[in-house]
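Input sequences plus hints: build the corresponding full structure.
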Amino acid sequence: MAEEKFPGWHGTTIIGVRKGGKVVVAGDGQVSLGQTVIKGSARKVRRLSPGGHDIVAGFAGSTADAFTLLERLEKKLEASPGQLMRGCVELAKDWRMDKYLRNLEAMLIVTDGKDLYVLTGAGDVLEPENGIAAIGSGGNFALAAARGLFEADLDAEEIARKAMAIAADICVYTNGNLTVETIGG
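Just so you know, we're using UniProt numbering here: the sequence shown kicks off at 1 and counts up by one.
Heads up, a few of these hints could be off.
[Unchecked claim] Restricting the straight-line Cα-Cα distance to at most 30 angstroms, the calculated cross-link-like pairs of lysine-lysine (DSS-like) are:
#, residue 1, residue 2
1, LYS99, LYS75
2, LYS75, LYS93
3, LYS22, LYS75
4, LYS162, LYS22
5, LYS93, LYS114
Keep in mind that the hints were calculated from the coordinates and are not lab data. Note that this is a predicted model, so its numbers are computed, not measured.
What follows is the structure, encoded as structure tokens:
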């Protein structure tokens, strides 16, 4: 394995939980460079309004790359208002086919309050099973916690917050400083 010239940027745990007619997207605020926390209050969950439609997106990976993808997604959604799946598929096609976009290092969770998708640079548009999606360095911890909490008498936001707290306790690249956006219901 070749040694990296610069230590990698690590960070971000994003979770999306759909339950009871609502979708909650929550993300932590930590950005790390190697073993150093660079920022503890980054905002990685955003509300978009392409064509007057409310969309919530959370991103993991390179911030500049994620903002590029969010801008492209907004344009795709403006071209097909109210059609989240279509906009996501169009972005994923471009992401996979375009030489510049293919090098972007980020993933997205997006929702319109009904549907919930994970978008990857491999051209994937995935609708998660059980209404729970998670990405980023602590994503698997948050996903496992949310699945365990899903059947409890908790709403989507409570599940997302508890799952993120569990991920923050386990993953050194995740903190408890959350941005939470709710849509639907």
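Outcome of the hint check:
1. Distance hint between LYS99 and LYS75 is fulfilled; the C-alpha atoms sit about 19 angstroms from each other, no more than 30 angstroms.
2. For the given pair, LYS75 sits about 14 angstroms from LYS93 by alpha-carbon distance, which is consistent with the 30 angstroms threshold.
3. Between the alpha carbons of LYS22 and LYS75 the distance comes to roughly 25 angstroms, so the proposed pair stays at or under 30 angstroms and holds.
4. Taking the CA atoms of LYS162 and LYS22, the gap is near 17 angstroms; set against the 30 angstroms cutoff, the hint holds.
5. A C-alpha spacing of about 22 angstroms is found between LYS93 and LYS114, which places the hinted pair at or below 30 angstroms, so the restraint holds.
Of the numbered hints stated above, none is contradicted by the structure.
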